[in-house]
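Enquirer: If you want the building blocks of each chain, they are given just below.
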Amino acid sequence: MLYLSLIAGRLGKAVLVLLAILVFNFFLIHAAPGDPALVMAGEAGSTDAEFIADLRERFGLDQPLPVQLWHYISGVLTLDFGYSYRQQMPVLDLILDRLPATLLLTGAAFIISLSLGVLAGALAAMRAGKPSGSLIMGLALLFYATPLYWVAMMSVLLFSVWLEWLPAYGFSTVGANYTGLAHVGDVALHLILPALTLGLFFMAIYTRMTRTSMLSVAQQDFVRTARAKGVAPGVIQRRHILRNALLPIITLAGLQAGQMVGGAVLTETVFAWPGIGRLMYDALMQRDYNLLLGVFFFSALLVIVFNMITDVIYRLADPRIRGAA
Amino acid sequence: MSFWHRFARNRGALLGVFILTFFILLALLAPFLYPDSPWRMVQRPFLAPGEVEGFPLGTDAMGRDVAAGLAHGAWVSLLVGLISTLAAMLIGVPLGALAGYFGGRVDDVLMRFTEFFQTIPNFALAIVLVAILQPSITTIILAIAIVSWPPVARLVRGEFLSLKQREYVEAARLVGQGHVAIIVRQILPNALSPVIVLASLMIATAILLESALSFMGLGDPDLMSWGYMIGAARTVMRQAWWLSVIPGVAILLTVLALNLVGDGLDDALNPQLARQR
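Listed in order, the protein sequences are those of chains L and U.
Note that the numbering used here has the first sequence beginning at 1, numbered continuously upward.
Note that the numbering used here has the second sequence beginning at 326, numbered continuously upward.
To be clear, the hints were calculated from the coordinates, so they are not data collected in a lab.
The structure displayed is predicted, hence computed values, not measured ones.
All C-beta atoms in this analysis are idealised placements derived from N, C-alpha and C, irrespective of residue type, glycine included.
Accuracy of the hints is not assured; some may be wrong.
Computed footprint of chain U on chain L; a stretch qualifies when at least three of its residues, placed anywhere within it, have a C-beta under 8 angstroms from a C-beta of chain U [stated by the list, open to error]:
id : stretch
1  : 12 to 22
2  : 90 to 100
3  : 113 to 122
4  : 258 to 268
5  : 287 to 295
6  : 306 to 316
So that you can see chain L by itself, here it is in the shape it has in the complex (with noise of 0.2 angstroms):
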């Protein structure tokens, strides 16, 4: 019981943040410059004035705003996030078709970025003070300096063009047609580099979250006391230091799973990988405005869908709060 209310509470708190988006969206393009019927008129190629007009009142523009909005939100309800002009489809297909390709490079990225950022935190709390702890810092903060989009365009300079080991661009060969196990092993090649590249600056920031929650929680006194009883100091830093330090690490992987998301439109944009990212940087690039909202939208839902789940896997972790909703 105290979990379904822990969860309709969240779900709660949720509607209300994706509706207050879809209130700033609908405002955010009320404060674009120009008439949107003139830019959708512009978008489906024409300026003749019997069209606007019949755009106009087809999507209502000429009610009054609190209608206008009322509207909007009743078409996102029963899942009508308007059509987009430059691309012949419903937006909502556009950004379903897209969507997998998304879920599939963040999840690996934020794998990767999570278990090779904590390992190496633990690996530089212990060896705090050491050189090859300091090393493991220093390379954290270099990645964490770099941006993201340059990092992936120098892998594809270094293991496409130069070394010619992985494929720079894409889901998948072209006109190869794999099935089955090739296919996936396809995808996976072409995984790779997007996932690592996009995970690295992850990477970083949960290499230095492990090390400075492990170095506080060595401070505790019950870390003290077991030494005191003669623990091995591998024991303590395993199953005493860093179980404890994981637990607020998970409230703040959360968090940044949802950069992660807007790391993506950067990473996708540089490897062609066709999910919703690239899907924003396309309606930019065609100033479609209509898709551009829409991916916004399902990219903020994804993070709040993201952080509802790191959420109960703290609460799973952590049998302290299970009672405390």
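For chain L, the structure is supplied; the task is to place chain U on it using the hints.
Expert: Below, chain U alone, put in the same frame as chain L:
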């Protein structure tokens, strides 16, 4: 130990100051070193660095001087980083201060508002804002400020929550000082040192954000920037790799320097924590 002594003990921070000084000088001297527009075609395209005298970093696909672009781009990066961080402070500090000082309802409402902005993916929001309000240096600064103030508000709120319990605040209240005077003159000065450290890190993040926006084609169309240079070099990466490497290294060095300076400021302003590093 003095502030400067504690700062200088961190060798990384000194290196950061050195790199940063170089780029600040480059930005300030850009109009004198390269008085011509960095957009002007001045030589054959695709000159490699050092191939022709007077063009130490070569030319790009349009025959523009890369060194001139780098210098003018330094100005844009540092300016956008600094002003958007100041703007983010102007939003985050008052909100955090009010939430922490008054607590209760005020705190609830303001923190919900902050959480909302933290939930929205930063970069996607910045893209949408700049694209729809039309790219210009003003909208870019505005968008970066709007996506980066929440951590400031949270930090300031935390500081206010703990500082408002202190005796000197009680004393000020007993003497009859108003809320505004207590917030501005008593608590705020004591909450500033972590805010300063955060600000130096935020300038670094803002520079990364600006470069990413320009890379996506959302830069100010009148201003040469490092992100634009990388974006323009992307299609010619196979012919001229140095065109993407040079501005990328400039961003990397600047952001790295700001992070190092931030760490040094942290050591110098919070000496009791410095020992843990």
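Enquirer: Give a verdict on every hint.
Expert: Checked hints:
{"no.": "1", "hint": "12 to 22", "result": "holds (count 3)"}
{"no.": "2", "hint": "90 to 100", "result": "violated (count 0)"}
{"no.": "3", "hint": "113 to 122", "result": "violated (count 0)"}
{"no.": "4", "hint": "258 to 268", "result": "holds (count 7)"}
{"no.": "5", "hint": "287 to 295", "result": "holds (count 5)"}
{"no.": "6", "hint": "306 to 316", "result": "violated (count 1)"}
Violated hints for the displayed structure, listed by number in ascending order: 2, 3, 6.
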